[in-house]
Amino acid sequence: MSRSILRTIVSGGLRALDRARQPATAHAHCDIPCGIYDPHLMQIAALTVVRMNQLIEALGDDAAKTKASLSRYILVKEEHAELAKREARVIWGDYFKPEHLEKYPDLHQVTWDIMKLGGKSKQEINAQAAADLLAATQKFAEIFWDSKGVATKKAPSNQAVGGEIVVPA
Amino acid sequence: MRPSRSVVALAVGAAALLLLASSPLRRIMPVIRYGVDGPSMEPTYRQGDRVVVNRLAYAGRRPVAGDVVVFRDPDDASRHLIKRVAAAPGADGSVFVLGDNPAASKDSRVFGPVPRERIVGKAMFKY
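Sequence order for the protein chains is A and B.
When you line the first sequence up against this note's numbering, it's residues 511 to 679, in that order.
When you line the second sequence up against this note's numbering, it's residues 2 to 128, in that order.
The reader is advised that the hints may include incorrect statements.
As the list claims (entries may be wrong) - Some chain A residues near chain B, calculated using beta-carbon distances under 7 Å:
{"no.": "1", "residue": "LEU516"}
{"no.": "2", "residue": "THR518"}
{"no.": "3", "residue": "LEU524"}
{"no.": "4", "residue": "PRO533"}
{"no.": "5", "residue": "THR535"}
{"no.": "6", "residue": "ALA536"}
{"no.": "7", "residue": "GLN564"}
{"no.": "8", "residue": "ALA637"}
Unchecked claim - Cβ pair distances, simulated, as ranges:
{"no.": "9", "chain 1": "B", "residue 1": "ARG47", "chain 2": "A", "residue 2": "TYR547", "range": "20 to 28 Å"}
{"no.": "10", "chain 1": "A", "residue 1": "ARG596", "chain 2": "B", "residue 2": "VAL8", "range": "28 to 36 Å"}
{"no.": "11", "chain 1": "A", "residue 1": "GLN669", "chain 2": "B", "residue 2": "ARG47", "range": "37 to 45 Å"}
{"no.": "12", "chain 1": "B", "residue 1": "MET125", "chain 2": "A", "residue 2": "PRO615", "range": "38 to 46 Å"}
{"no.": "13", "chain 1": "B", "residue 1": "SER79", "chain 2": "A", "residue 2": "ARG525", "range": "23 to 31 Å"}
{"no.": "14", "chain 1": "A", "residue 1": "GLN619", "chain 2": "B", "residue 2": "ARG62", "range": "49 to 57 Å"}
{"no.": "15", "chain 1": "A", "residue 1": "GLN638", "chain 2": "B", "residue 2": "ARG80", "range": "39 to 47 Å"}
{"no.": "16", "chain 1": "A", "residue 1": "LYS664", "chain 2": "B", "residue 2": "MET125", "range": "29 to 37 Å"}
{"no.": "17", "chain 1": "B", "residue 1": "ARG47", "chain 2": "A", "residue 2": "ALA661", "range": "45 to 53 Å"}
Don't read these hints as lab results, they were simulated from the structure.
All residues carry an ideal CB built from backbone N, CA and C; glycine is no exception.
Given only the sequences and the hints, what does the whole structure look like? Please build it.
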């Protein structure tokens, strides 16, 4: 019997045992510095995506200049859409616990929306997708702060892009 | 082909392990099954990976650098952590442990060396 077959059999047996009785947990967490979570960066990233769509929309006809600017705007849009997705993933995966899901049943949906809208914002020049991405990050921020017992408000971004971000009240 | 002695030994060991791990005596069993929770040992162990830990691995010898060990959290003895031994034990047998993913790991950089008596055992294989 080859080692690989044996390993498969042993693994299968152990997995069957796991189903009958859960194994103990070996924690491999990053409590420090990951004990600090904040949905601020995610919203700023989404706002940046909104802004890049605005700048792309406003590009003039000067071909050479437009090409260079367009490249830059697309790059920044790409990076910040990904950043918004990453920030949402980390808070969703590391901070939120099953008991939060009971209290906020649409948490998974909101996180999923950020993933999908982030992806759409990367694929397309789409101001609506960017606005929806921002709205999803705002909703995520509201859930996050509420889970910590912190009241929130929507505050103007005070940036050229306009829009609002959710911050502790 | 005749199986080699090591394969036979592995098979016998595996069968014994399966029996022991499911018996009521498993609290005192030499091997324990663990599920990994968290990213600090990536890429070696990912979230949800299962690992068999040998509690007798250090009965007759000391941990060496490179071993992956499970030990009781110095900040909370009810929690078990999994990390890699980064440096050979000091004179008192304590080991310095690090996560394989140091950017996302709480380890000896935070809580210092882990005393020998806190070590539960050595991670043997993933399944």
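List of violated hint numbers, smallest to largest: 2, 7, 8, 10, 16, 17
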